[in-house]
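There are 2 protein chains.
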Amino acid sequence: MSAPIYDRVALIGLGLIASSMGHAMKKWGLARSIAGHAKTEATRAAALELGFCDEVFATAAEAADGADLVVLAVPVGAMGAVAAEIGPHLKLGATVTDVGSVKQAVIEAVAPHLRAGIEFIPGHPLAGTEHSGPRSGFATLFQNRWCLIIPGEASPEAVARLRALWEGMGSNVEEMDAAHHDLVLAVTSHTPHLIAYTMVGVADHLRRVTESEIIKYSAAGFRDFTRIAASDPTMWRDVFLTNKEATLDILGRFTEELFMLQRAIRMGDGEELFDYFTRTRAIRRGIIEAGQDTAAPDFGRTKVDEK
Amino acid sequence: MSAPIYDRVALIGLGLIASSMGHAMKKWGLARSIAGHAKTEATRAAALELGFCDEVFATAAEAADGADLVVLAVPVGAMGAVAAEIGPHLKLGATVTDVGSVKQAVIEAVAPHLRAGIEFIPGHPLAGTEHSGPRSGFATLFQNRWCLIIPGEASPEAVARLRALWEGMGSNVEEMDAAHHDLVLAVTSHTPHLIAYTMVGVADHLRRVTESEIIKYSAAGFRDFTRIAASDPTMWRDVFLTNKEATLDILGRFTEELFMLQRAIRMGDGEELFDYFTRTRAIRRGIIEAGQDTAAPDFGRTKVDEK
Numbered sequence: 001m002s003a004p005i006y007d008r009v010a011l012i013g014l015g016l017i018a019s020s021m022g023h024a025m026k027k028w029g030l031a032r033s034i035a036g037h038a039k040t041e042a043t044r045a046a047a048l049e050l051g052f053c054d055e056v057f058a059t060a061a062e063a064a065d066g067a068d069l070v071v072l073a074v075p076v077g078a079m080g081a082v083a084a085e086i087g088p089h090l091k092l093g094a095t096v097t098d099v100g101s102v103k104q105a106v107i108e109a110v111a112p113h114l115r116a117g118i119e120f121i122p123g124h125p126l127a128g129t130e131h132s133g134p135r136s137g138f139a140t141l142f143q144n145r146w147c148l149i150i151p152g153e154a155s156p157e158a159v160a161r162l163r164a165l166w167e168g169m170g171s172n173v174e175e176m177d178a179a180h181h182d183l184v185l186a187v188t189s190h191t192p193h194l195i196a197y198t199m200v201g202v203a204d205h206l207r208r209v210t211e212s213e214i215i216k217y218s219a220a221g222f223r224d225f226t227r228i229a230a231s232d233p234t235m236w237r238d239v240f241l242t243n244k245e246a247t248l249d250i251l252g253r254f255t256e257e258l259f260m261l262q263r264a265i266r267m268g269d270g271e272e273l274f275d276y277f278t279r280t281r282a283i284r285r286g287i288i289e290a291g292q293d294t295a296a297p298d299f300g301r302t303k304v305d306e307k
Numbered sequence: 001m002s003a004p005i006y007d008r009v010a011l012i013g014l015g016l017i018a019s020s021m022g023h024a025m026k027k028w029g030l031a032r033s034i035a036g037h038a039k040t041e042a043t044r045a046a047a048l049e050l051g052f053c054d055e056v057f058a059t060a061a062e063a064a065d066g067a068d069l070v071v072l073a074v075p076v077g078a079m080g081a082v083a084a085e086i087g088p089h090l091k092l093g094a095t096v097t098d099v100g101s102v103k104q105a106v107i108e109a110v111a112p113h114l115r116a117g118i119e120f121i122p123g124h125p126l127a128g129t130e131h132s133g134p135r136s137g138f139a140t141l142f143q144n145r146w147c148l149i150i151p152g153e154a155s156p157e158a159v160a161r162l163r164a165l166w167e168g169m170g171s172n173v174e175e176m177d178a179a180h181h182d183l184v185l186a187v188t189s190h191t192p193h194l195i196a197y198t199m200v201g202v203a204d205h206l207r208r209v210t211e212s213e214i215i216k217y218s219a220a221g222f223r224d225f226t227r228i229a230a231s232d233p234t235m236w237r238d239v240f241l242t243n244k245e246a247t248l249d250i251l252g253r254f255t256e257e258l259f260m261l262q263r264a265i266r267m268g269d270g271e272e273l274f275d276y277f278t279r280t281r282a283i284r285r286g287i288i289e290a291g292q293d294t295a296a297p298d299f300g301r302t303k304v305d306e307k
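The listed protein sequences correspond, in order, to chains U and S. Sequence positions in the first sequence follow UniProt numbering and run 1 to 307. Sequence positions in the second sequence follow UniProt numbering and run 1 to 307.
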């Protein structure tokens, strides 16, 4: 049990990430009290029942009122509206953060609603599962996961405090600027997810191969694509709409490369394929050497060590 | 310990699959003796040292001589030359099988070299790891994995015997025709692998994002792509060159779908993205319901339960 880092934390949106934060803050005593807001009565009731919030409110403004830390944990496309609602109710000196997968668009949407004296520090925990909703959270979700934070104009004290919260929940924290964050994530996460969605979509309407066969033989490579493609549709719609530029950039590069390999297959150019496949081994070696691989390579989605 | 199913088995090629078969046949007493052939002296020595072969030979013909079952476990592109070499030395009534990832091309390459009285039953165990070579094999590689066999013109008795061998090594055996096999695998394995290779290639030459960042944040989705893209280059070159038609067909469908989603991103069509991402959840549900998911979703590559 650490000393509480914040007196009052408000979780706006009570899905996988916020509920996991709630459980983690409770488990390690990082907040004196946790207020929560979700749109539906059922979600608010679940938060109280599961105990990851002390109080719940029907509006974001009420939940944010008097909080030292407000965590925006709604889909990226909803951040602006929430910020507009809570802006006038924020305590001077409060920190506002978020957990969205895109950072430039969140800053554009949220910052205009925060008056001087509010510390805004966007964040992005690189953690998740294929499940969503208030009952999917667990305290150890962030253990040994990266959390990227964007210090921007915030005071060093406020940044240090938010960093301490994430470290208290088990994360490794890195600071980054928003544009670079969006590019890095476009490569390591957003484009791979879109590709997985696409491949599953192809299989879905391929009538010569029955669905039962695709499912039966999915372990041959396809299964992990389906895991990713089962992620929350609202969240991912917003990611692609709001990280449009970087995603389209990486997608353009991807299709150029794919066409080159496709042409090599069509022309029977074995040498080109062999050389390409040999080069890609180097990155894999780097990951193994960096200790970033685990026995459960699942896009960071395994629910481990629940207690 | 079962009764031996074959008296003398010859493994031609001593990489991951053949060495795992050797270990499995030894562990469960499925062959009275195992002969092996590999091109290099070092690989042959490893086979004897690790004990998954009883004898090794410098030529495929010597290894195959007198065998009841000959397993062609070389890259798909090398199958024809091996069949030509061993053809004249095969015992009448012997069964020839293979473990290649493509079936029509293997049949075209191998069948002409086998005279009447030889039973040819192509096979494909859907199992593997990212590692290769004689030291990468282990007895339990095929446990609870599918093995697809192509009965073709072979006698029911010969098919039943080969099926018993694979079942003895822990596999679930299914029969299928060669063209259908190649299409199913193009969807569930070959195209996903090519896509993974491509995505890793994109990351590799992207200079604005440093390699260390890609590696560091790879768990956000990219890591599993690198695992696949580290697979044996020779094997995968041959897969794409020999399953050209089905792979190009699926790749064509894939790029059509991808362009549709890319356009939706560019046009800001959130409804189309949301609907697409919602549809892809159904296949995932099917996989979970069919019990084809495990806690280690790794494209079937985890080395579990070694003993």
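One should not assume that every hint holds.
If several chains are the same, the list does not tell them apart, and a pair holds so long as it fits within one copy or across any two.
With a cut-off of at most 30 Å between alpha-carbon atoms, the simulated DSSO-like pairs for lysine-lysine come out as follows [said to hold, decoys possible]: (1) Lys-26 x Lys-216; (2) Lys-244 x Lys-216; (3) Lys-27 x Lys-216.
Since the hints were made in silico from the structure, they are not lab data.
Cross-check of the supplied hints:
Taking the shortest alpha-carbon separations for Lys-26 and Lys-216, only the inter-copy value of 29 Å comes in at or below 30 Å, while the best intra-copy value is 42 Å. Proximity of Lys-244 and Lys-216 under a CA criterion of 30 Å is satisfied inter-copy only: 23 Å between copies versus 35 Å inside one chain copy. When the C-alpha separation of Lys-27 and Lys-216 is checked against a cutoff of 30 Å, the pair qualifies only between copies, where the shortest distance is 27 Å, while the shortest distance within a copy is 40 Å.
Consistency note: the structure conflicts with none of the earlier hints.
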